[in-house]
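Starting from the known structure of chain X, fit chains E, V and U onto it as the hints suggest.
Protein chains in written order, with UniProt numbering: chain X, 1 to 323; chain E, 1 to 323; chain V, 1 to 323; chain U, 1 to 323.
Don't take every hint at face value.
Copies of the same chain are indistinguishable here, so a pair counts whether it falls within one copy or spans any two.
Think about it this way: if two alpha-carbon atoms lie no more than 25 angstroms apart in a straight line, the pair counts; the simulated DSS-like pairs of lysine-lysine are [stated by the list, open to error]:
no. : residue 1 : residue 2
1   : Lys305    : Lys39
2   : Lys217    : Lys186
3   : Lys2      : Lys39
4   : Lys37     : Lys61
5   : Lys39     : Lys29
6   : Lys39     : Lys82
7   : Lys186    : Lys305
8   : Lys2      : Lys37
9   : Lys39     : Lys217
10  : Lys299    : Lys186
11  : Lys305    : Lys82
12  : Lys36     : Lys2
13  : Lys305    : Lys37
14  : Lys305    : Lys217
15  : Lys29     : Lys186
Hints were generated in silico from the structure; no laboratory data involved.
Given the structure is predicted, the values throughout are model-derived calculations rather than measurements.
Here are the chains, one letter per residue:
Protein chains: 4
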Amino acid sequence: MKRSIILSNLGSCSDRYVTEGYDAPVSLKELFQQLKKLKGVDGVELVGTWHIRPNNTQEIKSMLEEVGLPVVSIIPDHFGTKYWGKGAFTAPDAAVRQEAIDSTLRICETAHALSCPVISIWNGQDGFDYPLQADYAALNEYLIQGLYALASREPDLMFALEYKPKEPRNHCSIPNVYSALYLAEKTGLPNVGVTVDFGHSLLAGENVSDAICVAQKHHRLAHIHINDNFRMWDDDLITGSVHTIEYLELFYWLQKIGYQGYLSIDQYPYREDSLQAAQQSLDWMTMLERTASRIDPEKMDAILKDQDAVASTRYIREILLGA
Amino acid sequence: MKRSIILSNLGSCSDRYVTEGYDAPVSLKELFQQLKKLKGVDGVELVGTWHIRPNNTQEIKSMLEEVGLPVVSIIPDHFGTKYWGKGAFTAPDAAVRQEAIDSTLRICETAHALSCPVISIWNGQDGFDYPLQADYAALNEYLIQGLYALASREPDLMFALEYKPKEPRNHCSIPNVYSALYLAEKTGLPNVGVTVDFGHSLLAGENVSDAICVAQKHHRLAHIHINDNFRMWDDDLITGSVHTIEYLELFYWLQKIGYQGYLSIDQYPYREDSLQAAQQSLDWMTMLERTASRIDPEKMDAILKDQDAVASTRYIREILLGA
Amino acid sequence: MKRSIILSNLGSCSDRYVTEGYDAPVSLKELFQQLKKLKGVDGVELVGTWHIRPNNTQEIKSMLEEVGLPVVSIIPDHFGTKYWGKGAFTAPDAAVRQEAIDSTLRICETAHALSCPVISIWNGQDGFDYPLQADYAALNEYLIQGLYALASREPDLMFALEYKPKEPRNHCSIPNVYSALYLAEKTGLPNVGVTVDFGHSLLAGENVSDAICVAQKHHRLAHIHINDNFRMWDDDLITGSVHTIEYLELFYWLQKIGYQGYLSIDQYPYREDSLQAAQQSLDWMTMLERTASRIDPEKMDAILKDQDAVASTRYIREILLGA
Amino acid sequence: MKRSIILSNLGSCSDRYVTEGYDAPVSLKELFQQLKKLKGVDGVELVGTWHIRPNNTQEIKSMLEEVGLPVVSIIPDHFGTKYWGKGAFTAPDAAVRQEAIDSTLRICETAHALSCPVISIWNGQDGFDYPLQADYAALNEYLIQGLYALASREPDLMFALEYKPKEPRNHCSIPNVYSALYLAEKTGLPNVGVTVDFGHSLLAGENVSDAICVAQKHHRLAHIHINDNFRMWDDDLITGSVHTIEYLELFYWLQKIGYQGYLSIDQYPYREDSLQAAQQSLDWMTMLERTASRIDPEKMDAILKDQDAVASTRYIREILLGA
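Next up, chain X with everything else stripped away, as it sits in the complex (with noise of 0.2 angstroms):
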């Protein structure tokens, strides 16, 4: 599998009550020179905002030049300063409702500019905090609206929506793996897809690989997030940290559907080294898809048609502790 990451997992982090951050600030070309350092990186996603300005493509793209990695997908900023404070696609005022969609559009051409094929979006500033805040369905028309305004616009760009059910606001507006379906079928285009977060599914959850085949059966899988968590919140712990089976789990159907894109790094390591943190991920992804590549697709095949649970953790836990 390629892998990539999200260039900011490579900084410091900070939270609501550490605003100064858990280190020291990193700048966008010593978070290039960390990229550098990491062993098994096939690719680089990059934010909008926090990576990405009006006038600095030329620069990005002579330091991708020197790492030699091609962008995987870039997240327009919908969500990381105070102007999409409440919402972006849908917020109150028209006014940014409409720099949501023009924004993402200047960031498409960063896109063409960078050969970067795919546009994730991440609008956590969408949806609401509090009962009777908002009209649903209102919220509903703007998101449609607004997809189908970018992806009719670019139609060799793929609109990859990140759904998550909570954070930053306490109810998003893409909050699972069918929503995202169902808001990508109704803008009729084929050009809008869905990224699967592995922390972001588990939080709404969901079994990870059930979202990932069914948005690859209905031809809407586009991108994947990896990262852990405890089930409870979006802890963007080093992947694997936490879930070994459905990890295992995932790499088994990522190889059947034969997965052409990128598992991209998310994480947030608030008080760990981060370039040690996001080395961790990439290793324990090559032993869990070396692990799971030891699975047989004809044994599995025939468990799964039975749905037999015990047959499966048996065969699992052979592959994984021995018999």
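Same frame as chain X, but now just chains E, V and U:
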């Protein structure tokens, strides 16, 4: 709003520990006698097997006439006997999958005989319990095909998908409102809709009114179940016993969108007198609806247009507790 | 580690929908025949009423002799009949509260007759379901008094409190490890301890090893139940079928603290062959314990002293999947 | 009931995405000016570092005099700078652990100077993020020793432990009310108590009044924080904006037990005007307390003695919405 009750709510409840039931068993005849004592109920909802058997349509008909209530929905039994233990529409055994369709079509005959317009599909045994137990795309396909088989054969009945994330399967096949909408869409038929159960929706992390409004916007809102819980599990408590503001919000939206269906009580009063528990739910509904009717739609519209949480909480407090 | 199983795990399971059971009923004699077929079990745990009746101590004794296994713990029935429906030690009826004590003392006689050292108190019906249903300080006092009455009368038995946050009551009286420790402390007696159930601990949001180590530090760790779940509910799945790293961590600590008690299987294989499901749990335990024994205590000590998450996840990955 | 507010609630909020803040920064002086505009507040709660600095005691004193409000509690900073990133009382570095004690003792001097009786300990960075990251018994011991060092040195101050299950650590060291009570008990000192935060208690799966009543019964209830959330996370919403019945229950019990302390607003109005959001919380409190005062204690006592959920929900509905 028109109110109904699932008939079994007036009997005894079991759980996995107290399999004998927390109260003495109650016969079908006694359930109808209980029903007669309820004040403020406009219809009844029946469950296949539990209430409807191959040869008792006439018996039910005469009992219905005695209480003078219509059947507003029938829930075919896809969950209550060990036959369905490994699933109905998605069971590993093709014969069981076929019987899920056939038995539902048979119950459609009963629905016609009883002039019942809605078949509420609660296929709680469809899904999986363990990682690596299921071929997710196959389950998804089985479900779409099964629903298509039903709705295409019975165009005059509405098939309302009652989604629920968990229980009795650890992962149920239709976990949230968007999954129900997406599956309905994929049948390509207009008579596949959604049953929003208040408690299931909370358990899915949804705002219930959001689910209701989005389903209505897409012309798929078919039926509503009510009860209450603590968001962590389908506790099936007395309606209104926990949530006040979200119920006021629900009544506001039901009035606003002109909901013509029923609010059907679906609760499990394990340790309470079941008749009294049902009466409390009806009395809560009466008072919540009355309170919600004091919300001025123009004023609320303006608040919602601004997505103004402060104005909203102030206004709803004045409605609820006075200025 | 010594392993045992709750005898009922080898029979059929019911839930609130399938009250008849997902399988045919299994007699006590048949349960012992199943038990005999299990490989790698060192003891058995019995449940009051379900297995122990007023006059069957001799019968049980001879069946135990035939399988050649000791009774490691008895769970008195405070949960499985409608008599306890509104609580045992905290029931509103004083006569029920007294009977909770008296019936437990009677089962202590059975424990002595069977040389069983541990009474596992799982008072699942103690608690409340609704807001404004209980006088919380009174319930707390009833519980402390009830536990004192037991432990002061039977100083040679260990009363192990099996905590659980939820189910069958919406709020159970002993929700987490610290509540069990606090109540034990308040009895002022040394023979009140804690049963840590792996699944209950996850449901309580705990790290299971944290619960185990803190209980052990305060000399109150008495017994352990094992199974698995998805953290949201007491799914009672096959041990090891979901969590790998947290089970390795548990075995590491059990070895480190020199745990002398039993790991007792407590699962509900609703849809699986119960004997095979139990065997899988034993086989997972064997392999997890073997894998955990490869962790070098000195190396792990150094990591833990530094609280170094990166070093820890690297080391456990090398143990589990190789370098 | 006496009401207070944590001063920072009147400023701007950040989160991990919008590190610049959802609003412009607000100076200490401006915070006090905001405070002056609030109607119905009886005291203020200060946060170490954020408000209290080595040399600003006199400045604070004069600003307090201007607003005419007492300091009801001080929260030492054990969480808001990267210095505490890996913990305070349980940090891996012994020097940090010592500084947690020393810096708290220094802030006790400020408390004396400001006649503040309560030190609210919210050691949110104490705990761990990953499995196999911590020696749990050691952390438990560090915490008991640290609390003992504080409370034994400052017998005239109450050290109130503000428990919380999660955030900023994935597992916090004092996760629920019973952990706070147990740790307090283990110090052997009477001046270690509990701060019950409404939202933290919901997040811990507790009924808040249960936590309050049990802490009070054991003479450890020291302070209360109020806000609201959806039970899944510490959303820190406007008090009363979500939960009505559980707030009525809380006010019922506070009146019943004769609570003499403060109800202190602790919210994060990310996207709202902070002054208006605080005012709404005060206004909700006024009306909720007024409504709760209509509950007849004798009648409620009888209901609670019977643990009668039906009578309870009927009575509270009549109080809230009329008969």
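Here is how each hint holds up against the structure:
1. In this assembly of identical chains, the alpha carbons of Lys305 and Lys39 never lie at most 25 angstroms apart, being 38 angstroms within a copy and 28 angstroms across copies at closest.
2. When the C-alpha separation of Lys217 and Lys186 is checked against a cutoff of 25 angstroms, the pair qualifies both within a copy, at 17 angstroms, and between copies, at 12 angstroms.
3. Taking the shortest alpha-carbon separations for Lys2 and Lys39, only the intra-copy value of 13 angstroms comes in at or below 25 angstroms, while the best inter-copy value is 43 angstroms.
4. Taking CA atoms no more than 25 angstroms apart as the test, Lys37 paired with Lys61 passes inside one copy only; the shortest distance there is 18 angstroms, against 53 angstroms between copies.
5. Proximity of Lys39 and Lys29 under a CA criterion of 25 angstroms is satisfied intra-copy only: 18 angstroms inside one chain copy versus 51 angstroms between copies.
6. Proximity of Lys39 to Lys82 under the C-alpha cut-off of 25 angstroms is found in neither arrangement, the shortest distances being 36 angstroms within a copy and 28 angstroms between copies.
7. Taking CA atoms no more than 25 angstroms apart as the test, Lys186 paired with Lys305 passes between copies only; the shortest distance there is 23 angstroms, against 32 angstroms inside one copy.
8. For the identical chains of this complex, Lys2 and Lys37 are intra-copy neighbours only, at 17 angstroms inside a copy versus 47 angstroms across copies, given an alpha-carbon limit of 25 angstroms.
9. In the homo-oligomer, the alpha carbons of Lys39 and Lys217 never lie at most 25 angstroms apart, since the shortest distance is 33 angstroms inside one protomer and 42 angstroms across protomers.
10. Within a single copy, Lys299 and Lys186 get their C-alpha atoms no closer than 38 angstroms, and across copies no closer than 31 angstroms, so neither meets the 25 angstroms cut-off.
11. For the homomeric pair Lys305 and Lys82, the shortest alpha-carbon distance between copies (20 angstroms) is at most 25 angstroms, but the shortest distance inside one copy (50 angstroms) is not.
12. In this assembly of identical chains, Lys36 and Lys2 lie within 25 angstroms of each other by CA distance solely inside one copy; the values are 16 angstroms within and 50 angstroms between copies.
13. Proximity of Lys305 to Lys37 under the C-alpha cut-off of 25 angstroms is found in neither arrangement, the shortest distances being 44 angstroms within a copy and 28 angstroms between copies.
14. Taking the shortest Cα distances, Lys305 and Lys217 sit within 25 angstroms of each other inside one copy (17 angstroms), while across copies they are farther apart (38 angstroms).
15. Proximity of Lys29 and Lys186 under a CA criterion of 25 angstroms is satisfied in neither setting, with 41 angstroms inside one chain copy and 48 angstroms between copies.
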